[in-house]
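Chemist: Line by line, the protein sequences are chains A and B.
Just so you know, we're using this note's numbering here: the first sequence kicks off at 1 and counts up by one.
Just so you know, we're using this note's numbering here: the second sequence kicks off at 1 and counts up by one.
The set of hints was computed from the structure by calculation and includes no laboratory data.
Please read all numbers here as calculations on a predicted model, not as lab measurements.
We put the CB at the ideal spot given by N, CA and C, even for glycine.
Among these hints, one or two may not hold up.
Said to hold, decoys possible - Derived DSSO-like pairs (lysine-lysine); straight-line CA-CA distance at most 30 Å:
no., chain 1, residue 1, chain 2, residue 2
1, B, Lys183, A, Lys177
2, B, Lys19, A, Lys101
3, A, Lys101, B, Lys183
4, A, Lys167, A, Lys130
Claimed, not checked - Below, a sample of chain A positions facing chain B; criterion: calculated Cβ distance under 8 Å:
no., residue
5, Ala50
6, Ile77
7, Tyr87
8, His89
To be verified - Some chain B residues well away from chain A (every beta-carbon gap over 10 Å; in silico):
no., residue
9, Ile75
10, Leu119
11, Phe128
12, Leu138
13, Asp192
14, Ile203
15, Pro206
16, Ile207
17, Gln238
18, Arg252
19, Pro271
20, Val284
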Amino acid sequence: MAQVMMKDLNKKYDEVHAVKDVNLHIRDKEFIVLVGPSGCGKSTTLRMVAGLEEITAGEITIGDRVVNDLPPKDRDIAMVFQNYALYPHMTVYDNMAFGLKMRKFPKPEIAKRVGDAAEILGIQELLKRKPRQLSGGQRQRVAVGRAIVRHPQVFLFDEPLSNLDAKLRVQMRVELKRLHERLETTAIYVTHDQVEAMTLGDRVVVMKDGWIQQVGEPLELYGKPANRFVAGFIGSPSMNFVDVTVADASGALWVETAGLRVKVPPALSGRLGAYKSQHVTLGIRPEDLRVASGSDSADYSFDTVVEVVEPLGSEILLDLKAGPNVIVARVEPTVRVKHGDKMRLALHPERVRFFDNKTELAI
Amino acid sequence: MAGRAGSGAGMVEGSRWHKWVFFHVPLMVFVVGTLFPFYWMLVTAFRPDGELYRPWRAVNNTPFWTTQPTLEHAIYLFKQTMFATWLWNTMFIALLSTLISLFCGLLAGYALARLRFPLAGGLGTSIFVTYLVPPTLLFIPLANIIRDFRLGDTPWSLILTYPTFLIPFCTWLLMGYFKTIPKELEECARIDGATRVRAMIQIIFPIATPGILSAGIFAFTLSWNEFIYALVFLSSPQQKTVPVGVVSELIRGDVFFWGPLMAGALLGSIPVALIYSFFVEHYVAGLTGAVKG
Chain A
1 MAQVMMKDLN KKYDEVHAVK DVNLHIRDKE FIVLVGPSGC GKSTTLRMVA
51 GLEEITAGEI TIGDRVVNDL PPKDRDIAMV FQNYALYPHM TVYDNMAFGL
101 KMRKFPKPEI AKRVGDAAEI LGIQELLKRK PRQLSGGQRQ RVAVGRAIVR
151 HPQVFLFDEP LSNLDAKLRV QMRVELKRLH ERLETTAIYV THDQVEAMTL
201 GDRVVVMKDG WIQQVGEPLE LYGKPANRFV AGFIGSPSMN FVDVTVADAS
251 GALWVETAGL RVKVPPALSG RLGAYKSQHV TLGIRPEDLR VASGSDSADY
301 SFDTVVEVVE PLGSEILLDL KAGPNVIVAR VEPTVRVKHG DKMRLALHPE
351 RVRFFDNKTE LAI
Chain B
1 MAGRAGSGAG MVEGSRWHKW VFFHVPLMVF VVGTLFPFYW MLVTAFRPDG
51 ELYRPWRAVN NTPFWTTQPT LEHAIYLFKQ TMFATWLWNT MFIALLSTLI
101 SLFCGLLAGY ALARLRFPLA GGLGTSIFVT YLVPPTLLFI PLANIIRDFR
151 LGDTPWSLIL TYPTFLIPFC TWLLMGYFKT IPKELEECAR IDGATRVRAM
201 IQIIFPIATP GILSAGIFAF TLSWNEFIYA LVFLSSPQQK TVPVGVVSEL
251 IRGDVFFWGP LMAGALLGSI PVALIYSFFV EHYVAGLTGA VKG
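With the sequences and hints as input, model every part of the structure.
Modeler: Here's what the structure looks like:
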């Protein structure tokens, strides 16, 4: 059990500056997820915590020890890798016992701990097998088991579910969450999958190009993205962005572009006032759009033409065009439309976001 | 292996005619061309002198088989020459130089495959380049060194010079093999509590067994068959290795003692053939670099 602190953490390779000034305080027992596109520095950050990459500048503290110069074995951490990294020449039991043997635990203690972990993960019958005799899901369980037998201070997960098929991934995700609730060990989890990040993390760290973009609870990232990148990255299908101009008409602020004109919601008009007759980016999530009915105000609705209909069963995704702007909307499965139909969409005024075109920060 | 070769035959596309022209016939030519010298060696080794020196056009000449197989040549080898000593010399020299080369090759190959240090790439290439220097040139400076260290006509002259071509070979083969082993295995071991050396010995080396075996077998074969250094550095009959001993003691002037020569060649190749047949599975896996995890 321990907190992890990263202070002004930097990693430079010969040409690439992979991690830039990362500051992060991971609380004891917290499950924190680092998420971002490939090459954003999330894995490098994790590997620096693990001691597998040297730290170019900055400081990492686990518990109350600065670990910058400690070799991986002395950091009291356990790591689960994307390709499982099971030792192919050892049985499952020996795989799980390896770390304990290295630390010279007495044999009965090793047997007890491996037995306990195997029971938690439901892999008791597999203990005598070799890794190649296991399925992907079983290997993943063994890899997790190997991490938990040691009772480390921190768990590190490097995209552990990426090699599993979609169904198994969902199942293992739930199991990991349950496991964390049971073991209450600090965990750092790296993934490029925003769904995993949202469902697993107590807090989520979004990274891009080596910088932290935003740190927050999942719903905070979804509801109040700090910038355009986070807004587009979190949520699926991703947020619609439309380049619009702020205009003042009949005593209220409007944003407009070809084929689309909506009123600025009162809550935002104060901050948007500074952008009069400038370009800003309007962001609206597909789930915050609906088919307009008679009761919807004309101020918050606009006309579109249906391009593509994607029925998913529980909902329908519509690719629409409002003038030249492509917009995705998520609507009720009962909506009956086809390619070429005209349709009026209404938006949720409180859920509209605006982003500065230059800084990309939320307004 | 048999399965793989079978599916290889199935890979040839097209008509039966195509298969014969592009697959079966070339393969047969290759197999016959490769195996015939061995067959010739075998027949000659067991053919009595009377048959061996029979004129080609004689009525009763049967060049491709023998009706009276005999062991007289093998007996001659052991009774009249120092063949047993040569066998022992060759074995001793080959084993020791293989062990030295494997040890160095393992460490060097691991370092080149895994550690990031300045000039690692250049070092790897230069090790390979030393392998390209032909022994027919290298033996000249080496002969000087051997003389200066007074190692001439001792097994050590070969045990210490064979690694000059074995170490680059082992290093490169093992480096290639280590690169196929996911580095996460080692990283995981290091997080699990092992030092780098321990992770190398307990995790990487056991997994690399096929690669290590093939490097070992290859190194052993190369030193077992080596001719030029052995010819140059050894002079007294009791120090010689099989390839040199057989050739220098059984060709006297322009007289070739074909029977004992071929018997010597046959007996000399048996150990190598045995080793290959024991480890053929690992050996193939080692060369194709397949880690099954």
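Chemist: Give a verdict on every hint.
Modeler: Going through the hints against the structure:
1. For the suggested pair B:Lys183 and A:Lys177, the alpha carbons sit about 28 Å apart, so the restraint of at most 30 Å is met.
2. With a C-alpha separation of about 57 Å, the suggested pairing of B:Lys19 with A:Lys101 is violated against the 30 Å cut-off.
3. Proposed proximity of A:Lys101 and B:Lys183 is supported: the alpha carbons are some 21 Å apart, at most 30 Å.
4. Proposed proximity of A:Lys167 and A:Lys130 is supported: the alpha carbons are some 24 Å apart, at most 30 Å.
5. With a least beta-carbon distance of about 6 Å to chain B, the hint placing A:Ala50 at the interface is held under the 8 Å criterion.
6. Proximity of A:Ile77 to chain B holds as hinted, the smallest CB-CB distance being about 6 Å (cut-off 8 Å).
7. A cut of 8 Å between beta carbons decides the hint on A:Tyr87: the least distance to chain B is about 6 Å, and the hint holds.
8. The beta carbon of A:His89 comes within 5 Å of a beta carbon in chain B, closer than 8 Å, and the hint placing it at the interface holds.
9. Once the 10 Å rule is applied to beta carbons, B:Ile75 is consistent with being away from chain A; the minimum gap is 47 Å.
10. The claim that B:Leu119 is not at the interface with chain A holds, since no C-beta of that chain comes within 10 Å of its own (minimum 14 Å).
11. For B:Phe128, the shortest C-beta to C-beta distance to chain A comes to about 24 Å, beyond the 10 Å cut-off, and the non-interface label holds.
12. No Cβ of chain A approaches the Cβ of B:Leu138 within 10 Å, the least distance being about 37 Å, so the stated non-interface status holds.
13. Not every CB of chain A is more than 10 Å from the CB of B:Asp192 (nearest about 4 Å), against its label as outside the interface.
14. The Cβ of B:Ile203 sits about 6 Å from the closest Cβ of chain A, inside the 10 Å cut-off, so the non-interface label is violated.
15. Against the 10 Å criterion, B:Pro206 falls within the reach of chain A, whose nearest CB is about 5 Å from its own CB.
16. The beta carbon of B:Ile207 sits about 6 Å from the closest Cβ of chain A, which is not more than 10 Å, so the claim that it is off the interface is violated.
17. Once the 10 Å rule is applied to beta carbons, B:Gln238 is consistent with being away from chain A; the minimum gap is 44 Å.
18. With a least CB separation of 54 Å from chain A, B:Arg252 remains clear of the 10 Å interface cut-off, as annotated.
19. Its beta-carbon lying about 29 Å from the closest one in chain A, B:Pro271 satisfies the requirement of being farther than 10 Å from that chain.
20. Here B:Val284 stays apart from chain A, with its beta-carbon at least about 18 Å from theirs, past the 10 Å limit.
Hint compliance for this structure: hints 2, 13, 14, 15, 16 are not met, and every other hint is.
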